[in-house]
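Participant: What follows is each chain in one-letter form.
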Amino acid sequence: MKEIQKTFTPLVIFLTLVMTIGLTLQACAYEDDDDDDEGFSRFLPARMDFRPADDPQYREECGACHLAYPPGMLPARSWQRIMSGLEDHFGENAELDAQTARHITEYLSANAADRSHTGRAPNIARSLGVDAPLRFTETRYFLRKHHEIPPRLVVNNPDVESFSRCEACHTGAERGDYDEHQVRIPGVGRWDD
Amino acid sequence: MFKARALIPFFLLLGTTVAVADRRAVLEHYSATAENAPSAERGRMLWNKPGIRGRDCTQCHGNDLRQAGRHRRTRKPIDPMAPSVNPKRFTDLRKVEKWFHRNCKWTWGRECTAQEKADILQWLNTL
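Protein chains in written order, with the numbering used here: chain A, 1 to 193; chain B, 1001 to 1127.
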């Protein structure tokens, strides 16, 4: 009995080590790949694709008409463009007083895709290069994740109408959770690809 | 025995009284620089006045101001405008001015005058 234990214990230790190294390498490999299931998020207990918007003033002002989008969704230069054009904000007027606008611009810039290390932010920043898009929904990164969804489920769907309404399909959007297994397209149900 | 629950009606009454006072202060901010006393009848007509490019107030606020509206593009619900069902309405000058500023420009293509704002508030406060 003692004999078996003597040869078995090192073997167990060895196998555990191999598995740990393997998993770590696999996770690193995913980090570099800017596509699916990125990074260590797979190994974290609660999944977080984006750090949710947590500044009260930002949530109040920029969550008035739509989801308070996660700052990590766009780079600082995009947020600065958005914040300097609020008088014509995608055809709406979203003007703010100078003091509030300054605070929100600072918050968004400090937590932007190119400044944040959380979830998808670094990969989004990398995929954009030097572009400064006004919409996340028009970036290659976004389009690649959503190219399998036919327009009839979005534009022609009265319960969605626009890809900008993340929360219409992503039930965890407020928490920053965009896992494809949490997606429920209204009138369609669970998304299985 | 003293019951805390007995205080609930008192706080409700206090809350309503404070809201009424705040609404009056907001309205007075505008009527102070308006030429005429605020008129609910003019306010009602202004609310229903067609704006530029087919725009008007009801597109987001709906036809029954005691019920929630919906942003016409983002579909996000907008709390009822009538203070009788939404007592927080028109008690915060900063918020009232922010939305007057944005929505007069968007709907009518220009800012509203102090008179127009006073009239509209006077009317909304009766709902």
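Hints in this document: simulated from the structure, not taken from any laboratory. Remember, it's a predicted structure, so these values are computed and weren't measured experimentally. There's no promise every hint is true.
What the hints assert, rightly or not - Pair by pair, the computed Cβ-Cβ distance ranges are:
no.	chain 1	residue 1	chain 2	residue 2	range
1	A	Pro158	B	Ala1021	19 to 29 Å
2	A	Gln99	B	Ile1078	20 to 30 Å
3	B	Thr1016	A	His146	44 to 54 Å
4	B	Arg1075	A	Glu138	15 to 25 Å
5	B	Ala1034	A	Glu161	48 to 58 Å
Note that the Cβ used here is the ideal one computed from N, Cα and C, for glycine as well.
Participant: Hint by hint, which ones does the structure fall short of?
Facilitator: Numbers 1 and 5 - these are the hints that the structure violates, sorted from lowest upward.
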